[in-house]
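Visitor: Required output: the full structure, derived from the provided sequences and hints.
Number of protein chains: 2
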Amino acid sequence: MLTVYLAGPEVFLPDAAEIGRRKQELCVAYGFEGLYPLDNKIAPAGGARVDQAIYRANLDLIRRADIGICNLTPFRGPSADAGTVYELGLMVGLGKPVYGYTNVMDDYIARVRAGQELVADKGDWRDAAGLLVEDFGNADNLMIDCALVAHGGYAMFRTPATDLYRDLTGFEACLRRAVQSRPRVSV
Amino acid sequence: MLTVYLAGPEVFLPDAAEIGRRKQELCVAYGFEGLYPLDNKIAPAGGARVDQAIYRANLDLIRRADIGICNLTPFRGPSADAGTVYELGLMVGLGKPVYGYTNVMDDYIARVRAGQELVADKGDWRDAAGLLVEDFGNADNLMIDCALVAHGGYAMFRTPATDLYRDLTGFEACLRRAVQSRPRVSV
Numbered sequence: 001m002l003t004v005y006l007a008g009p010e011v012f013l014p015d016a017a018e019i020g021r022r023k024q025e026l027c028v029a030y031g032f033e034g035l036y037p038l039d040n041k042i043a044p045a046g047g048a049r050v051d052q053a054i055y056r057a058n059l060d061l062i063r064r065a066d067i068g069i070c071n072l073t074p075f076r077g078p079s080a081d082a083g084t085v086y087e088l089g090l091m092v093g094l095g096k097p098v099y100g101y102t103n104v105m106d107d108y109i110a111r112v113r114a115g116q117e118l119v120a121d122k123g124d125w126r127d128a129a130g131l132l133v134e135d136f137g138n139a140d141n142l143m144i145d146c147a148l149v150a151h152g153g154y155a156m157f158r159t160p161a162t163d164l165y166r167d168l169t170g171f172e173a174c175l176r177r178a179v180q181s182r183p184r185v186s187v
Numbered sequence: 001m002l003t004v005y006l007a008g009p010e011v012f013l014p015d016a017a018e019i020g021r022r023k024q025e026l027c028v029a030y031g032f033e034g035l036y037p038l039d040n041k042i043a044p045a046g047g048a049r050v051d052q053a054i055y056r057a058n059l060d061l062i063r064r065a066d067i068g069i070c071n072l073t074p075f076r077g078p079s080a081d082a083g084t085v086y087e088l089g090l091m092v093g094l095g096k097p098v099y100g101y102t103n104v105m106d107d108y109i110a111r112v113r114a115g116q117e118l119v120a121d122k123g124d125w126r127d128a129a130g131l132l133v134e135d136f137g138n139a140d141n142l143m144i145d146c147a148l149v150a151h152g153g154y155a156m157f158r159t160p161a162t163d164l165y166r167d168l169t170g171f172e173a174c175l176r177r178a179v180q181s182r183p184r185v186s187v
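Going down the list, the sequences are from chains A and B.
Sequential numbering from 1 applies to the first sequence in our numbering.
Sequential numbering from 1 applies to the second sequence in our numbering.
Think of the hints as simulated: they come from the structure by calculation, not from any bench.
Using N, Cα and C, we set each Cβ at its ideal position, and we do this for glycine too.
Any given hint could turn out to be false.
[What the hints assert, rightly or not] Straight-line Cα separation of at most 25 angstroms, SDA-like style, residue types lysine to any residue; simulated pairs:
(1) A/Lys-122 to B/Leu-164
(2) A/Lys-96 to B/Lys-96
(3) A/Lys-96 to B/Leu-61
(4) B/Lys-96 to A/Arg-63
(5) B/Lys-122 to A/Ala-53
(6) A/Lys-122 to B/Pro-14
(7) A/Lys-122 to A/Asp-106
(8) A/Lys-122 to B/Ala-45
[To be verified] Short derived list, chain A residues pointing at chain B, Cβ under 7 angstroms:
(9) Ala-82
(10) Leu-90
(11) Ile-144
[Unchecked claim] Away from chain B, derived, C-beta distances all over 12 angstroms, residues of chain A:
(12) Arg-21
(13) Gln-24
(14) Ala-29
(15) Tyr-30
(16) Glu-33
(17) Ala-45
(18) Ala-150
(19) Thr-169
(20) Val-179
(21) Gln-180
(22) Ser-181
Guide: Next comes the structure, spelled out in structure tokens:
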């Protein structure tokens with residue numbers, strides 16, 4: 001059975017374990033085994049740092065995984081969770097197919113604009129600090145969107161804000177796409 | 001001469017080319033060749049998307065690079081620029097040593113707290129949405145800090161806010177560390 005690394009900021013929810021269980025059940029329904037970061041019982045040996053133990057445990061899960069599905073819903077700002085984005089890059093570097101979803105439909109520039117006024121500059125838009133705001137109709141920084149186009153797929157869904165990190169419609173769309181793009185996997 | 005991929009949100013500055021030139025000059029002073037994303041003249045063939053052309057050009061530079069230095073200064077939120085974080089993960093996955101710097105000394109939870117009140121919950125801190133805020137004394141999400149500890153090094157410097165994306169003190173510290181950790185490179 002192919003394994004799927006389940007990346008996303010839902011690990012920070014109070015009910016993180018329950019979300020992980022639901023994701024793993026959906027994986028099984030599509031013929032995959034889901035590897036969820038919280039599955040690691042982190043108990044570092046005396047004196048070792050907890051954060052480094054978590055890092056190594058996640059790295060081990062990622063190495064074991066055949067593919068990755070990343071929850072790239074905006075997190076504490078207009079972009080996705082930094083830990084999830086790091087893991088996305090890592091999986092691409094390791095040559096694994098990656099699928100991503102976001103539970104917000106607005107594109108990147110719309111979310112930046114919601115927080116501050118943008119200034120027009122020769123056909124571009126700049127933020128209050130003078131920094132260019134990408135305007136390619138993407139959900140996030142172009143490296144993220146284009147990586148998913150090149151190495152797997154991206155699903156965008158509008159989800160009620162109260163369920164921003166719990167709704168699994170986009171996650172299931174990624175599972176369907178993973179099944180379609182790997183015909184050896186039977187549902 | 002070893003090549004260094006120069007990742008960071010300074011590509012969004014109005015004077016991005018000038019910053020890139022300064023970074024490349026510093027690279028030469030330390031015996032490296034700096035590969036700066038803007039060096040790519042992006043002119044996609046008829047009908048091709050500009051964002052995908054930029055992605056492929058950056059990917060080519062990253063594949064050519066022997067090591068990476070990432071500007072992880074917080075960007076539009078408490079975490080680093082998502083594009084830079086993606087590239088950091090990609091370089092780790094490709095087995096390249098990576099060095100990072102940030103021009104803000106505060107740790108992650110201090111920056112999240114500056115934007116909203118946090119709630120204590122059984123020894124943890126949660127944000128207004130109930131999501132756990134990591135409190136390991138790291139500069140960013142633990143995956144980023146721990147990756148740099150494991151695969152290169154991290155430099156943190158307090159820089160005047162006006163120079164947040166231009167100050168190269170941390171960048172130069174990364175160059176020094178890269179030289180020290182690769183004794184075959186002579187300054």
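Visitor: Does each hint hold? Answer for all of them.
Guide: Going through the hints against the structure:
no., hint, verdict
1, A/Lys-122 to B/Leu-164, "holds (24 angstroms)"
2, A/Lys-96 to B/Lys-96, "holds (17 angstroms)"
3, A/Lys-96 to B/Leu-61, "holds (20 angstroms)"
4, B/Lys-96 to A/Arg-63, "holds (16 angstroms)"
5, B/Lys-122 to A/Ala-53, "holds (21 angstroms)"
6, A/Lys-122 to B/Pro-14, "holds (11 angstroms)"
7, A/Lys-122 to A/Asp-106, "holds (24 angstroms)"
8, A/Lys-122 to B/Ala-45, "holds (23 angstroms)"
9, Ala-82, "holds (4 angstroms)"
10, Leu-90, "holds (4 angstroms)"
11, Ile-144, "holds (6 angstroms)"
12, Arg-21, "holds (18 angstroms)"
13, Gln-24, "holds (20 angstroms)"
14, Ala-29, "holds (27 angstroms)"
15, Tyr-30, "holds (25 angstroms)"
16, Glu-33, "holds (21 angstroms)"
17, Ala-45, "holds (16 angstroms)"
18, Ala-150, "violated (7 angstroms)"
19, Thr-169, "holds (19 angstroms)"
20, Val-179, "holds (24 angstroms)"
21, Gln-180, "holds (22 angstroms)"
22, Ser-181, "holds (19 angstroms)"
The structure shown violates just one earlier hint, number 18.
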